[in-house]
Amino acid sequence: MPHLSLTVNGDKHELEVPANRTLFALIREDLGLVGTKDACRQGVCGSCTVLVDGVPMRSCLALAVRCQGTHITTVEGLKADGKLSRLQQEFINAGAVQCGYCTPGMLIMATALLAENPRPTETQVREALIGNLCRCTGYVRVVRAVMAAAS
Amino acid sequence: MSLPGFDYRAPVTIEEAVALRLELGADALIMAGGLAVVVLLRERLARPAVVVSLSDIPELQAVAVNGGLRIGATATHAALARSKTARSIAPLLCEACGHVGSPAIRNMGTLGGSVCHGDGASDPAPALLALDAEAIIAGPRGERRLPLVKFFLGALTTALNGDEILVALHVPRPAAGTQFRFIKYTATSAEAFSTVTVAVSITRDGAGVCSNARIGLGSVAPTPLRARAAEDLLRGNKLTREIIAAAAAAAAACTNPSSSAQGSAEYRRDMTEVWVRRLLAEMPA
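For the record, the sequence lines run as chains A and B. Heads up: the first sequence runs through residues 1 to 151, numbered per the working numbering. Heads up: the second sequence runs through residues 1 to 285, numbered per the working numbering.
In case anyone wonders, no lab produced these hints; they're calculated from the structure. Hints may contain errors.
[What the hints assert, rightly or not] Calculated lysine to any residue pairs in the SDA-like style (CA-CA distance at most 20 angstroms, straight line):
id, chain 1, residue 1, chain 2, residue 2
1, B, K84, B, N66
2, B, K238, B, S260
3, B, K84, A, N117
4, B, K150, B, D132
5, B, K84, B, R70
6, B, K84, A, E116
Please put together the full structure from these sequences, using the hints given.
Shown next as C-alpha cells:
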C-alpha cells in the first residue's frame, strides 16, 4: 500500500493509503474531518473543494496518493487561535448560510480568492464562486459576505 | 461510490512513462489532471489494473516558445490562461482555457488531458484547431507529430495508439496581423458545457482579402470540428456581409449536434450560424 505523508490544517500525517483512495475519502473517513462535503462526485458542485498548497481543488477527483508532501487546508483549518476567520464571521453576519451544505466549499474558494486578490470586485467574487452550487439559492448573501470580508 | 482497486505508478521522466505504457499495454490508464479519469473509474467505465500518473514529470508541465509554442501535455488550463508565454503566441488558446469549467476545475484539468479525452464538448479544442495545432506523441519508436485535426476520430476516440503518450501540443506562430475571436456560448451558466463553442482565426492582406481562415467548433458534433466549407468560402474573399452570411450557414451545415440540457440539436445548429456570423462581423477591417 502506498505510503503518504502530508500536512492537513497544520498537522503532519503519515498514512498507508490504497491507490484508489480519493483525497475526499482520506479527509473525511481516515482523518475524520467531516466539514468537507460531497454531492455530485464529478467536480461540478464544488462542495468538496479544499486547498492543496493554497490552490483550490476538487477533493472528490483527486487521488490521495498524488498529494504526497502537500499542505491541505479544509474548512476546519480556516479558524486561527480558536477564532473564526474574518470571512467565516462575515458569512454569519450576512446570513449567508442556509442549509450549510455548500458553505465549506464556498469558504474555501473565497479564502483562496481573497488571498490572491484582497480587493475583488463583485464580478470577480461571482466568477470565483461560479463552480460552487447552492441549492438554497443563497448567492446574494454569500457574495455580500465575501465583499464585506474584503472591505 | 468508492473507486475500484488499481495499482498506481508515477514515473518521473517521459522515457520512463513510455516504457511503462509499453510494458503495461491495455492494463494501464494514463492520468494527467485526473478529472476525466477519476470519473471514468468511479462510473466503472474504465477498469485498468494500473493508473499511470503523469503529474510527477516536470518536463510535461513546461510552456515554451520554440518558433511556435510548445505546451507540455500536463500544463493546466489555469496555468495557460495566465501564461504570458502562451499569450505571446496563442492568445486565442489562453482565452479558451480561461473558459473551461470553473476555477478549481481549471486548477486541476490539463490541456493534454482534455485533448486525449477527446470530448466533442471541449472548449480549448476548437481554439487549438483554429490555430493549426499539432499533437506531439511519444511512443516506442520515438516521437511523431500529428495535426490535431487528424487526432480526433470519434466520440472519446483519438488517434493515440495504445503504446503512445501525448507529450505536448505545438501551436505555430500565426502570421502577422491574424485576428482571433472566441465564444463559449452557454444556455445555462458559464461553468457548464457549452451549447456551442466557436474559435475563429482570420488573416487578411492589405486590401482586406482573406488569405487564411480557420473555424473551430465545439459541442456540435461527436468530436471537435473544423468548419472547412466555411473556411473555403472566406479564403480569397473580402469579409462582406454576404460572404460572412454564407460562411456562417456553411459552418452550421458542418455540424452534427445531439440534443442535451445545453440545447436541442436544432438550437445548437442555429446558434453555430449565429455565433460564426457575429464573430466574423465584429472583426475590424
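Hints versus structure:
1. B:K84 <-> B:N66: holds (15 angstroms)
2. B:K238 <-> B:S260: Given pair B:K238, B:S260 is violated - Cα atoms ~36 angstroms apart, limit 20 angstroms.
3. B:K84 <-> A:N117: holds (19 angstroms)
4. B:K150 <-> B:D132: holds (11 angstroms)
5. B:K84 <-> B:R70: holds (13 angstroms)
6. B:K84 <-> A:E116: holds (18 angstroms)
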